[in-house]
Amino acid sequence: MPRPSKEVKRCPVSLLMDILSGPWTLYLLWVMTTKGPIRFGALKRQVEGISTKVLTERLRLLEREGLIYRHYEATVPPQVSYGLTDRGSELVQVLDPLGDLALRWYGDGAIAPLNPNSETGAIVVDYP
5 MPRPSKEVKR CPVSLLMDIL SGPWTLYLLW VMTTKGPIRF GALKRQVEGI
55 STKVLTERLR LLEREGLIYR HYEATVPPQV SYGLTDRGSE LVQVLDPLGD
105 LALRWYGDGA IAPLNPNSET GAIVVDYP
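First residue of the sequence shown: 5, per my numbering; consecutive thereafter.
Since the hints were made in silico from the structure, they are not lab data. Keep in mind the model is a prediction, meaning the values are calculated, not measured. Every residue, glycine too, gets a C-beta built ideally from N, C-alpha and C. Keep in mind that the hints are not guaranteed to be accurate.
[Unchecked claim] The following label-pair restraints were derived from C-beta to C-beta distances: (1) 53 - 102: 21 to 27 angstroms; (2) 75 - 99: 22 to 28 angstroms; (3) 68 - 46: 19 to 25 angstroms; (4) 44 - 15: 30 to 36 angstroms; (5) 74 - 108: 22 to 28 angstroms; (6) 106 - 23: 24 to 30 angstroms; (7) 93 - 15: 21 to 27 angstroms; (8) 34 - 60: 40 to 46 angstroms; (9) 44 - 109: 30 to 36 angstroms; (10) 109 - 79: 41 to 47 angstroms.
When you get a sec, could you build the whole thing from the sequences and use the hints?
Structure below.
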């Protein structure tokens with residue numbers, strides 16, 4: 005009798021959230037959305053504080069997941085640029101409304117500032 009597979013099928017939303025929740029991932033997608041195709045060095049300058057190692061890891065992950073492409077030009081020195089794929093652009097269209105919500109909630113003109121309750125630590129919404 006065959007043994008049941010131990011592989012657990014994960015929720016697709018959970019898989020996507022694992023990809024997006026990594027350090028710098030959403031910010032890198034945002035930079036590529038606003039700047040278009042961008043070279044590694046320029047991307048590193050745009051994302052202040054990111055290490056070369058982490059940037060490389062994030063770019064490889066995003067490329068492996070089909071969200072960005074890597075364009076290599078065999079010049080001297082070689083030039084490598086990164087940009088959004090159609091799949092990455094589709095994701096950004098979904099993330100844009102989330103960004104709008106974040107600006108409303110936490111931006112300069114936040115509609116409902118959040119204040120932790122000093123006794124319980126619970127978040128209290130202060131409505132005007």
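Structure-based check of all given hints:
Hint check: residue 53 to residue 102, Cβ distance near 23 angstroms, so the stated range 21 to 27 angstroms holds. For residue 75 and residue 99, the hinted distance range of 22 to 28 angstroms is satisfied, since their beta carbons lie about 23 angstroms from each other. Between residue 68 and residue 46 the beta carbon distance is about 22 angstroms. The supplied range of 19 to 25 angstroms therefore holds. As the Cβ distance of residue 44 to residue 15 is approximately 33 angstroms, the hint placing it in 30 to 36 angstroms holds.
Separated by about 35 angstroms at the C-beta atoms, residue 74 and residue 108 break the suggested range of 22 to 28 angstroms. Residue 106 and residue 23 have their C-beta atoms about 19 angstroms apart, which leaves the hinted 24 to 30 angstroms range violated. Our hint of 21 to 27 angstroms for residue 93 and residue 15 holds, since their Cβ atoms are close to 24 angstroms apart. In this structure the hint that residue 34 and residue 60 lie 40 to 46 angstroms apart at CB is violated, the actual value being about 19 angstroms.
Hint check: residue 44 to residue 109, Cβ distance near 33 angstroms, so the stated range 30 to 36 angstroms holds. Remark: the range hint 41 to 47 angstroms for residue 109 to residue 79 is upheld by a beta-carbon distance near 46 angstroms.
Consistency note: the structure conflicts with the earlier hints numbered 5, 6, 8.
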